[in-house]
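Participant: Kindly generate the complete structure, drawing on both the sequences and the hints.
Per this note's numbering, the very first residue in the sequence shown carries number 1; after that it's consecutive.
Since the hints were made in silico from the structure, they are not lab data.
Keep in mind it's a predicted model, so treat the numbers as computed, not measured.
Treat the hints with care, since some could be wrong.
What the hints assert, rightly or not - With a cut-off of at most 25 Å between alpha-carbon atoms, the simulated BS3-like pairs for lysine-lysine come out as follows:
1) Lys-43 x Lys-107
2) Lys-75 x Lys-107
3) Lys-107 x Lys-86
4) Lys-43 x Lys-64
5) Lys-75 x Lys-98
6) Lys-98 x Lys-64
7) Lys-98 x Lys-43
8) Lys-86 x Lys-64
9) Lys-43 x Lys-75
Stated by the list, open to error - Cβ pair distances, simulated, as ranges:
10) Thr-68 x Thr-112: 16 to 22 Å
11) Gly-8 x Gly-54: 20 to 26 Å
12) Pro-41 x Gly-16: 16 to 22 Å
Cβ coordinates follow ideal geometry from the N, Cα and C atoms, glycine included.
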Amino acid sequence: QVQLVESGGGLVQAGGSLRLSCAASGIIFSISAMGWYRQAPGKQRELVATITSGGSTNYAVSVKGRFTISRDNAKNTVYLEMNSLKPEDTGAYYCNAKRWPMDAWGKGTLVTVSS
1 QVQLVESGGG LVQAGGSLRL SCAASGIIFS ISAMGWYRQA PGKQRELVAT
51 ITSGGSTNYA VSVKGRFTIS RDNAKNTVYL EMNSLKPEDT GAYYCNAKRW
101 PMDAWGKGTL VTVSS
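Facilitator: Shown next, in the form of structure tokens:
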């Protein structure tokens with residue numbers, strides 16, 4: 001059974017930092033593409049960052065230069081380091097794992113950035 005568990009969300013002031021973690025189980029983590037997505041209140045879920053099994057990364061324009069995605073295959077964990085946070089970064093952050101035909105989601109962790 002695939003399980004993705006996010007942690008690390010919370011309330012932070014603008015300009016601050018947070019580090020999100022996503023622990024995966026029930027998948028062959030090392031060959032799965034992992035990603036972080038977010039959904040602000042009243043908006044659609046959007047891509048934040050992805051990392052392939054080979055370590056190639058991709059970022060949304062809005063977070064490039066501020067956020068860093070990384071993975072630790074020994075720990076079956078993907079991270080999202082978020083710096084210089086802005087109020088518009090507020091939302092629920094979801095972890096995603098893809099390896100066809102699998103497309104799994106975590107339940108999310110809430111990030112609130114106050115101005």
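Participant: Looking at the structure, which of the earlier hints fail to hold?
Facilitator: 9
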